[in-house]
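Just so you know, the sequences run in chain order Z and V. Per this note's numbering, residue 76 is the first one in the first sequence, and the count goes up by one each step. Per this note's numbering, residue 46 is the first one in the second sequence, and the count goes up by one each step.
Please note: incorrect hints may appear among the correct ones.
Stated by the list, open to error - Heads up, simulated SDA-like pairs for lysine to any residue below, C-alpha to C-alpha not over 20 Å straight-line:
no., chain 1, residue 1, chain 2, residue 2
1, V, K81, Z, R184
2, V, K115, V, S52
3, Z, K86, Z, A163
4, V, K81, Z, T175
5, V, K101, Z, T175
6, V, K81, Z, E119
7, V, K81, Z, T77
8, V, K112, Z, T175
9, V, K115, V, F95
As the list claims (entries may be wrong) - Far from chain V, by Cβ distances over 12 Å, these chain Z residues were calculated:
no., residue
10, K86
11, G147
12, G160
The hints are simulated quantities; they were obtained by calculation from the structure and are not laboratory data. Note that the Cβ used here is the ideal one computed from N, Cα and C, for glycine as well.
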Amino acid sequence: DTGVSQNPRHKITKRGQNVTFRCDPISEHNRLYWYRQTLGQGPEFLTYFQNEAQLEKSRLLSDRFSAERPKGSFSTLEIQRTEQGDSAMYLCASSSELSTEAFFGQGTRLTVV
Amino acid sequence: GEDVEQSLFLSVREGDSSVINCTYTDSSSTYLYWYKQEPGAGLQLLTYIFSNMDMKQDQRLTVLLNKKDKHLSLRIADTQTGDSAIYFCAEREDSSYKLIFGSGTRLLVRP
Chain Z
76 DTGVSQNPRH KITKRGQNVT FRCDPISEHN RLYWYRQTLG QGPEFLTYFQ NEAQLEKSRL
136 LSDRFSAERP KGSFSTLEIQ RTEQGDSAMY LCASSSELST EAFFGQGTRL TVV
Chain V
46 GEDVEQSLFL SVREGDSSVI NCTYTDSSST YLYWYKQEPG AGLQLLTYIF SNMDMKQDQR
106 LTVLLNKKDK HLSLRIADTQ TGDSAIYFCA EREDSSYKLI FGSGTRLLVR P
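This is chain Z alone, in the form it adopts within the complex (with noise of 0.2 Å):
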């Protein structure tokens, strides 16, 4: 297992179109959670899973913003109608329910012109 591992890395887009991002967290650990990280700032969390369900979502997730994770396995992440403010690296990282260690991915840098 290679760890966490986030497609696409990059992600250019014009803006009002939709984005899918994909996480798949190591295989073993049930917890998994998006987050948007901004230049020059800390990453913010989005939300988080607990194998296939959402458990919790911040206000930073609007109604443009959806996350699947329907097996408990890999997540998606989708962006409806992007706008500019919406470019930024998305992290995706995931847990053990024993551990209390969270890896991340490498991200999806979005850009939205």
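Using the hints, position chain V against chain Z.
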């Protein structure tokens, strides 16, 4: 409310020790973390400390925790040019396990 604060920038000479400081507000946080981020990359977990500990050492890294003052520090001994990166401290919210991050400290190691 939740807030984690760090100084923005630190410059040290290669071979010296670096000390990166952080203050946090949630006294109920059980775990506190240090992550490293290199340009264009994700976050690498460096170390973490349990809130009932005062100190944790891991090779060149030493974490000090002052729970009374809600102050966390990361000391890097014998700092190398490869240590140049942004360092984030984070507290874990125990109800959801989400991490609350500071804005990061950019460490520059001069040859």
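Tell me the hint numbers this structure goes against, listed in increasing order. none
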